[in-house]
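As given, the protein sequences belong to chains A and B, one line each in that order. This note's numbering puts the first residue of the first sequence at 860, with every later residue one more than the last. This note's numbering puts the first residue of the second sequence at 860, with every later residue one more than the last.
There may be inaccurate statements among the hints.
One copy or two, either will do: identical chains are not told apart, so a pair holds if it fits within one copy or between any two.
[As the list claims (entries may be wrong)] Result set (BS3-like, lysine-lysine): computed pairs, CA atoms no more than 30 Å apart in a straight line: (1) LYS1009 with LYS1022; (2) LYS1022 with LYS907; (3) LYS965 with LYS1005; (4) LYS940 with LYS1034; (5) LYS1022 with LYS1010; (6) LYS1034 with LYS965; (7) LYS911 with LYS1022.
These are computed hints drawn from the structure, not numbers from a lab.
There are 2 protein chains.
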Amino acid sequence: MSLQDSKRVKTDDDAPYELIYWPQIPGRGECIRLVFEEAGVSYSDVAKNPDKAIPIVMGHISADNIGDAYNPPPLAPPILKHGDLLINQLPNILLYVAPRLGLAPKEGSGVYHLNEIVLTILDGLSNEVHDTHHPIAVSQYYEDQKEEAKKRAKNYTSERLPKFLAYMQRVLDAKTSGEGPWLYGDSLTYADLVLFQCLDGTKYAFPKSVEKLEQSGKYDGVFKLYQAVKERPNISKYLESERRAPYSEGVWRRYPELEED
Amino acid sequence: MSLQDSKRVKTDDDAPYELIYWPQIPGRGECIRLVFEEAGVSYSDVAKNPDKAIPIVMGHISADNIGDAYNPPPLAPPILKHGDLLINQLPNILLYVAPRLGLAPKEGSGVYHLNEIVLTILDGLSNEVHDTHHPIAVSQYYEDQKEEAKKRAKNYTSERLPKFLAYMQRVLDAKTSGEGPWLYGDSLTYADLVLFQCLDGTKYAFPKSVEKLEQSGKYDGVFKLYQAVKERPNISKYLESERRAPYSEGVWRRYPELEED
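For reference, chain A alone in the conformation it holds in the complex (with noise of 0.2 Å):
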């Protein structure tokens, strides 16, 4: 296949999105669901049947799999379909979505400011407190990396969250930002939908931490953001819906001793 080939690939544009990820957590497959979600845009998402979920996860990211005629195996969920397109690696699926569902431009310097925003909010906000319960091994249990895990967060929590989001402010803060609460541009794009997610979830593992960088008046900007995510109508009718998977043993979990002194 040569590079001018892979155009072939049928991505029609009105093929259903179907999303593959883990059942019963938000983790990483949430950011793509609340895109979806904003747009108004149907979709399926197997992980709402655990039983068949776990199969074809497991399917996908088996050892033998090598794709097939039109794509390379993905590494690990989430992954999307959509015709014969299979992609995976979340801040490349919603690359591929957002522009689709004109949650960002087409083309241009927009594609990429948004793109380094939303990767660096992956970074701060998702993977990096991912590390603070694993910071030894993925493989292990929390209990055996505990002690690492209290060393981690605790310059997490003192460094580099609030690093992270005195970033957001100063792109909120930039003149790319324009009117209303966005980070980027006049109106909400996929990275706003992004750093609700991901701050949601920091939330929840760290509130205390998040209340206490609130109340310093330091980021106000990313917490109106937060708030005015919050209330968009479509956003709202999912997070008070069914489909809204509770935080539990995924990127975002909660131990409070991660937050003791």
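Since chain A is already given, all that's left is putting chain B on it; use the hints.
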């Protein structure tokens, strides 16, 4: 600024490419250098002038920087300036540059397949390698987190590194990897350059572990690709030039004790 207006930023393809990165390490900037070198495109690289590079990087990432009329502020280097456009986040810079230099398709599914492969290589052979020597806090010395680093490195070399090499081998075994040693399609793409650089750095950090995995014969395609990139005329010339910085205190560091049992 509306989403539509974002196109007004000038990204004149004749403008010079300006890489802004820390001096004296290959680091995350190196993947971008390899793209320019392979393409034979001239670029400026402020890292080659250490006295100038540090204040320039510090200015961009300063807590007071709120960007300019066209761009939000970057959080961290590498940063790319191209005409009026200024972007950060390594996978984002590669996504912007590679199709302009013929090292990725400009549209279609290949854009997203290459982006997901690159994100996964960077996760597994760059970010996770960094975390082996800094598992607790980026802001603290290695010496102050050495015990935790030993645990994390042991898990990395025994579980994570084989997992990522096995995944790259599966991408090479997929139908989407055509003729030749390349990850995607029939010709070299930026994903191949990223895999070369990240494996080269990981070999520097964990020479014994990588050698053992190479000897296993399970990842022959990955090591063949590594060699094929190394022998590309422009890459080979670059690697022998003074422009290629030696490894030292960057993402990929050699601490022999992290490979001991």
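Structure-based check of each hint:
no. : hint                 : result
1   : LYS1009 with LYS1022 : both (19 Å within a copy, 27 Å between copies)
2   : LYS1022 with LYS907  : between (36 Å within a copy, 29 Å between copies)
3   : LYS965 with LYS1005  : neither (44 Å within a copy, 46 Å between copies)
4   : LYS940 with LYS1034  : between (36 Å within a copy, 18 Å between copies)
5   : LYS1022 with LYS1010 : both (17 Å within a copy, 27 Å between copies)
6   : LYS1034 with LYS965  : both (21 Å within a copy, 29 Å between copies)
7   : LYS911 with LYS1022  : between (40 Å within a copy, 25 Å between copies)
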